[in-house]
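If you're matching them up, the sequences are chains A and B in order. Using our numbering, the first residue of the first sequence is number 1, and each one after it goes up by one. Using our numbering, the first residue of the second sequence is number 1, and each one after it goes up by one.
Keep in mind the hints are simulated off the structure, nothing from the lab. One thing to keep in mind: the hints can contain errors.
Lysine to any residue pairs mimicking SDA-like chemistry, simulated, CA-CA at most 25 Å apart [said to hold, decoys possible]: (1) Lys111/B to Leu4/A; (2) Lys126/B to Phe22/A; (3) Lys126/B to Val67/A; (4) Lys111/B to Lys126/B.
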Amino acid sequence: MVPLSYYLILSGILFSCGVLGFLIKRNIITIFMSIELMLNGVNLSFVAFAAHWQHLSGQIFVFFVMVVAAAEAAVGLAIIIAVYRTRETLNVDQVNLLKL
Amino acid sequence: MLHLILFLVFAAICIAGAVNLLIQRHPISSALSLVVVMASLAAEYLLLGAEFVAAVQVIVYAGAVMVLFVFVIMLLNAGEEDRIGGSQVALVVGVPGILACGLLTAWVLLKQTGDLKIGALLGDPKTIGSLLFHDFLLPFEVTSVLILIAIMGAVVLANRPETINSGKKED
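The whole structure should be built from the sequences, with the hints applied where relevant.
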């Protein structure tokens with residue numbers, strides 16, 4: 001028997017680690033991984049609430065979040081490759097123009 | 001009791017991986033610690049009875065997505081990131097602020113009581129599948145279109161500009 005709040009606190013910690021990484025990291029790929037970490041934190045709270053309310057919709061939503069995250073990873077990494085090809089850097093401080 | 005012990009062990013692994021992701025400077029080390037986070041999260045899902053979600057977590061997230069990340073890191077030959085000096089204001093105001101917010105949220109959450117049991121809600125592939133193909137059929141089909149668009153977008157974006165131009169000339 002584990003209280004629901006433990007799961008929610010773990011999910012909150014993961015989400016905050018993701019936010020922190022998004023803010024302090026300078027490598028564009030690591031920033032992208034921080035976003036994945038945030039998505040994982042949210043997924044955990046979805047599954048915990050599904051178990052709490054005895055309703056499977058939460059788990060279906062996790063499935064959809066994973067699908068969207070996979071699509072986002074594919075497109076985002078393609079953008080990173082395109083950015084690297086034109087600028088030769090992965091540091092976000094040096095990528096300060098939208099123009100490719 | 002066993003449930004609590006397993007939860008705490010995997011939660012500790014999970015948080016250690018997340019913190020290691022922040023500490024490591026090399027992207028490969030960060031990616032591997034993210035794999036650790038995802039694998040231990042899959043174990044947490046199993047504890048909650050979400051069998052299908054745990055399997056998909058390992059296959060899609062820890063497998064496919066992270067392989068894509070590691071592949072891109074190695075393709076671009078990403079080295080260690082430069083460390084820039086953080087601002088003092090962030091350290092003096094931000095850290096206590098985050099701690100205060102986090103403790104307040106944790107206190108509010110801990111006040112409500114509701115226990116989760118192992119296997120109280122079983123998300124096995126059969127149940128999830130029937131739910132997915134009856135109640136959630138339209139969202140499911142829309143996601144497949146989204147995946148298709150994402151694949152095409154990734155191919156177009158990652159293509160070299162010259163190849164796109166030469167392709168047009170041939171037309």
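Structure-based check of all given hints:
| no. | hint | result |
| --- | --- | --- |
| 1 | Lys111/B to Leu4/A | holds, 11 Å |
| 2 | Lys126/B to Phe22/A | violated, 37 Å |
| 3 | Lys126/B to Val67/A | holds, 19 Å |
| 4 | Lys111/B to Lys126/B | violated, 36 Å |
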